[in-house]
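Chemist: Residues per chain are reported as follows:
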Amino acid sequence: MKIAVCIKRTPDSESRFRIGSSGTAIDETGLKFDIDDFASYAVEVALQLNEKQGPGETVVYAIGPDSVQETLRKAMSMGADRAVQLKTDAVPYDGLAVAKALAAELKGGGFDLILFGKHAFDTSGGIVGTATAQLLGLACVTAASKLDIANGRGTARRELEGAGEIVEFALPAAITIDEGIARPRYPSLKNIMAAKKKPLETKPAQLGPARVRVKSLELPPDRPPGRIIGEGVAAVPELVRLLHTEAKVL
Amino acid sequence: MLDFFNIDSLLSEEERAVRASVRAFVDEHVLPVIGKCYVEGRFPREIVPKMAELGVYGANLPEEYGCAGLNNVAYGLIMQELERGDSGVRSFASVQGALAMYPIYAFGSEEQRKKYLPKMAAGEIIGCFGLTEPDYGSNPSGMITMAREQKDGTWLLNGAKMWITNGSTAQIAVVWAKTNGDTSDSSIRGFVVPTNSNGFKAKDQKGKLSLRASDTSELVFQDVCLPADALLPKSGGLKSPLMCLTQARYGISWGAIGAAMACFEEALSYSKTRIMFDRPIGGFQIQQERLADMLTEIVKAQLVSLHLGRLKDAGTFTPQQVSLAKRNNVSMATDVAREARRLLGANGILAEYSAMRHMENLESVYTYEGTHDVHSLVLGQAVTGLNAFK
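Chains as they are written, first to last, in our numbering: chain E, 59 to 308; chain F, 25 to 414.
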């Protein structure tokens with residue numbers, strides 16, 4: 059199968075974040091960036107599908123400045139065959155603007171499947187996958203936690219509140235990938251070296267107009283400190299009383 | 025992992041990628057089992073093929089022999105991450121790569137390279153390195169193991185080697201022996217000895233209180249008959265095994281940083297969550313000083329090894345510089361591990377935490393591959409021109 063995976067470069071989720079001087083973006087000083095977790099699940103799904111189904115091609119796409127090349131090479135060191143950078147100085151916040159650039163690039167590419175992360179850790183927008191599918195006129199399944207392809211048709215599972223939903227679709231299709239679907243492999247040392255020799259093409263991103271922008275960012279309030287109300291069984295009545303009257307969870 | 029000095033900015037993308045993969049490997053396959061292995065005194069053999077798949081064995085040797093062809097900084101980062109897991113796991117990889125594969129690469133014939141290196145990179149052949157003897161540790165030139173060439177070109181090997189990492193696991197041993205009755209160290213040659221040869225015995229070293237998750241053995245050779253092509257043709261004199269040790273010591277200088285980083289991270293995390301006198305112990309000055317000292321020494325050691333790696337890649341490093349790095353970094357790690365253990369209080373003596381395991385392991389690392397004291401004398405000679413050994 060010919061599979062495209064659209065990936066994003068995001069900061070390590072365990073970082074300590076500060077708001078930058080603009081007030082509308084995080085301060086990137088000292089942050090470590092890597093492939094977004096959901097995007098890495100999508101890459102793993104693509105690699106496993108092509109490993110299982112025989113010869114195919116996995117192509118990874120990312121939009122952004124030259125720093126995304128590292129993320130694209132990471133995907134190639136996991137096993138993707140080639141990569142395309144859609145170059146822009148900054149990734150716009152507006153998911154539709156990004157989707158337009160991806161759709162312009164992917165149109166006519168002959169892909170059987172186009173995979174995305176369900177959303178990216180930094181913006182949690184969840185727009186790019188569905189909007190790209192819409193622009194390309196493709197069937198779209200969001201937040202797939204399982205994906206099987208056979209005879210030109212696909213089956214995906216989605217996790218609902220308290221239930222699982224199984225959906226069917228015809229290829230080609232665009233799928234956004236949820237966590238738990240596959241554990242992303244870490245690249246072997248030989249594959250890290252091999253990725254340097256795989257093709258990475260850079261083209262200008264044909265972004266759509268950005269019509270949504272971040273007005274301001276704020277950090278969550280500090281968590282109030284915990285309180286020790288006593289020890290053992292003796293503390294239970296007071297704990298129950300506070301859960302009733304103060305926390306109001308009972 | 026805290027990168028207080030933004031040392032990552034001195035690493036290439038490829039070097040960081042290599043570290044990330046080995047770090048993920050250690051998190052997944054070493055850390056969950058190593059405490060139990062250590063208590064049981066068992067080397068986790070099950071990770072040998074997984075490390076091969078990852079490509080850690082001889083990772084700085086060329087790709088044409090099935091190796092990853094990495095530079096020496098990337099190789100050092102592998103050692104750092106493995107020892108963040110356990111010194112025994114790093115020792116396994118050091119011995120396989122720097123002490124068994126390297127001599128075959130450096131002193132072997134093309135046939136020997138092709139015969140052994142790809143299978144060793146794949147973890148199908150495990151190697152060990154026999155230099156130290158029961159009575160000759162810091163002075164290997166006094167070794168008494170002897171190989172005598174027979175009329176038909178074969179060799180007859182007699183002697184014993186001690187403190188051999190991987191000795192009971194290995195399929196081949198790179199054994200250093202004097203030759204043909206010549207007791208001078210210029211007669212020392214290297215031999216690739218299959219461990220299933222008649223007359224070859226490996227006995228586990230029992231009763232270790234350090235490197236418990238590592239195989240350590242005594243090797244005995246009684247009239248072991250070796251084919252002519254067991255000889256590493258380009259080996260000659262004590263310099264050959266010492267060249268191997270320079271490779272391994274370089275990796276150890278990085279490995280020790282990994283052990284220290286593990287201890288520091290554990291102590292830092294514990295200091296923020298352990299409540300005593302109604303507040304986290306990390307808020308007390310005495311623990312902050314401990315943490316500040318650990319952090320400072322780790323950063324210094326990282327910069328020493330990184331620069332040494334760049335010199336090694338440029339082909340300009342000296343064995344004396346390796347002595348400085350091994351001596352400093354291992355000593356630093358023993359201090360960091362001990363202070364981390366103390367910060368952890370009573371919990372610090374449990375196998376559930378890593379500080380005491382690292383502390384015990386590092387006493388071996390302090391002693392092997394040139395003791396701390398021997399490296400002092402190497403450096404003393406380097407700066408004074410006066411040889412304390414003679």
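Please keep in mind that the hints were generated in silico from the structure rather than gathered at the bench.
Take the hints with a grain of salt, since some may be wrong.
For the chain E half of the interface with chain F, some residues (derived, Cβ under 10 Å), not all of them [what the hints assert, rightly or not]: (1) 132; (2) 135; (3) 215; (4) 244; (5) 247; (6) 248; (7) 251; (8) 254; (9) 257; (10) 260; (11) 261; (12) 265.
Straight-line Cα separation of at most 27 Å, DSS-like style, residue types lysine-lysine; simulated pairs [unchecked claim]: (13) 273(E) <-> 60(E); (14) 143(F) <-> 254(E); (15) 296(F) <-> 324(F); (16) 110(E) <-> 165(E); (17) 261(E) <-> 110(E); (18) 254(E) <-> 90(E); (19) 158(E) <-> 248(E); (20) 158(E) <-> 261(E); (21) 90(E) <-> 273(E); (22) 256(E) <-> 60(E); (23) 138(F) <-> 258(F); (24) 110(E) <-> 175(F); (25) 255(E) <-> 258(F); (26) 254(E) <-> 110(E); (27) 138(F) <-> 248(E); (28) 143(F) <-> 255(E); (29) 261(E) <-> 145(E); (30) 255(E) <-> 273(E); (31) 175(F) <-> 248(E); (32) 165(E) <-> 248(E); (33) 248(E) <-> 110(E); (34) 74(F) <-> 248(E); (35) 74(F) <-> 254(E); (36) 248(E) <-> 90(E); (37) 296(F) <-> 90(E); (38) 74(F) <-> 255(E); (39) 256(E) <-> 74(F); (40) 139(F) <-> 175(F).
If you're wondering where the values come from, they're calculated on a predicted model, not measured in any experiment.
No residue lacks a Cβ here, since even glycine has one placed at the ideal position from N, Cα and C.
Chemist: For every hint, state whether the structure bears it out.
Modeler: Tested hints:
1. 132: Since chain F brings a Cβ to about 7 Å from residue 132(E), closer than 10 Å, the hint holds.
2. 135: holds, 6 Å
3. 215: violated, 25 Å
4. 244: Result: holds, 4 Å to nearest chain F Cβ.
5. 247: Residue 247(E) check passes; min Cβ-Cβ to chain F is 4 Å, inside 10 Å.
6. 248: Because about 5 Å separates residue 248(E) from the closest Cβ in chain F, which is inside the 10 Å limit, the hint holds.
7. 251: holds, 6 Å
8. 254: holds, 7 Å
9. 257: Because about 17 Å separates residue 257(E) from the closest Cβ in chain F, which is outside the 10 Å limit, the hint is violated.
10. 260: violated, 16 Å
11. 261: violated, 21 Å
12. 265: Status violated, d = 26 Å.
13. 273(E) <-> 60(E): violated, 40 Å
14. 143(F) <-> 254(E): holds, 25 Å
15. 296(F) <-> 324(F): Holds - the C-alpha atoms of residue 324(F) and residue 296(F) are around 24 Å apart, at most 27 Å.
16. 110(E) <-> 165(E): Holds, because 26 Å separates the two Cα atoms, which is no more than 27 Å.
17. 261(E) <-> 110(E): Given pair residue 261(E), residue 110(E) is violated - Cα atoms ~31 Å apart, limit 27 Å.
18. 254(E) <-> 90(E): Between residue 254(E) and residue 90(E) the Cα gap is close to 21 Å, so the pair holds against 27 Å.
19. 158(E) <-> 248(E): violated, 36 Å
20. 158(E) <-> 261(E): Holds: residue 158(E) and residue 261(E) sit about 14 Å apart, inside 27 Å.
21. 90(E) <-> 273(E): This hinted pair holds, its Cα atoms lying about 25 Å apart.
22. 256(E) <-> 60(E): Measuring from Cα to Cα gives roughly 17 Å; hence the hint holds.
23. 138(F) <-> 258(F): Holds, because 16 Å separates the two Cα atoms, which is no more than 27 Å.
24. 110(E) <-> 175(F): Given that 27 Å is the threshold and the Cα spacing comes to 58 Å, the pair is violated.
25. 255(E) <-> 258(F): Distance ~34 Å between residue 255(E) and residue 258(F) Cα, so the pair is violated.
26. 254(E) <-> 110(E): The given pair, whose Cα atoms are some 25 Å apart, holds under the 27 Å limit.
27. 138(F) <-> 248(E): Since the Cα atoms of residue 138(F) and residue 248(E) sit roughly 18 Å apart, the hinted pair holds (cutoff 27 Å).
28. 143(F) <-> 255(E): holds, 25 Å
29. 261(E) <-> 145(E): holds, 6 Å
30. 255(E) <-> 273(E): Given pair residue 255(E), residue 273(E) is violated - Cα atoms ~42 Å apart, limit 27 Å.
31. 175(F) <-> 248(E): violated, 45 Å
32. 165(E) <-> 248(E): violated, 33 Å
33. 248(E) <-> 110(E): At roughly 22 Å apart (the allowed maximum being 27 Å), residue 110(E) and residue 248(E) satisfy the hint.
34. 74(F) <-> 248(E): Holds, at roughly 14 Å.
35. 74(F) <-> 254(E): Roughly 23 Å between the alpha carbons, so the hint for residue 74(F) and residue 254(E) holds.
36. 248(E) <-> 90(E): holds, 23 Å
37. 296(F) <-> 90(E): holds, 23 Å
38. 74(F) <-> 255(E): holds, 25 Å
39. 256(E) <-> 74(F): holds, 25 Å
40. 139(F) <-> 175(F): Holds, because 26 Å separates the two Cα atoms, which is no more than 27 Å.
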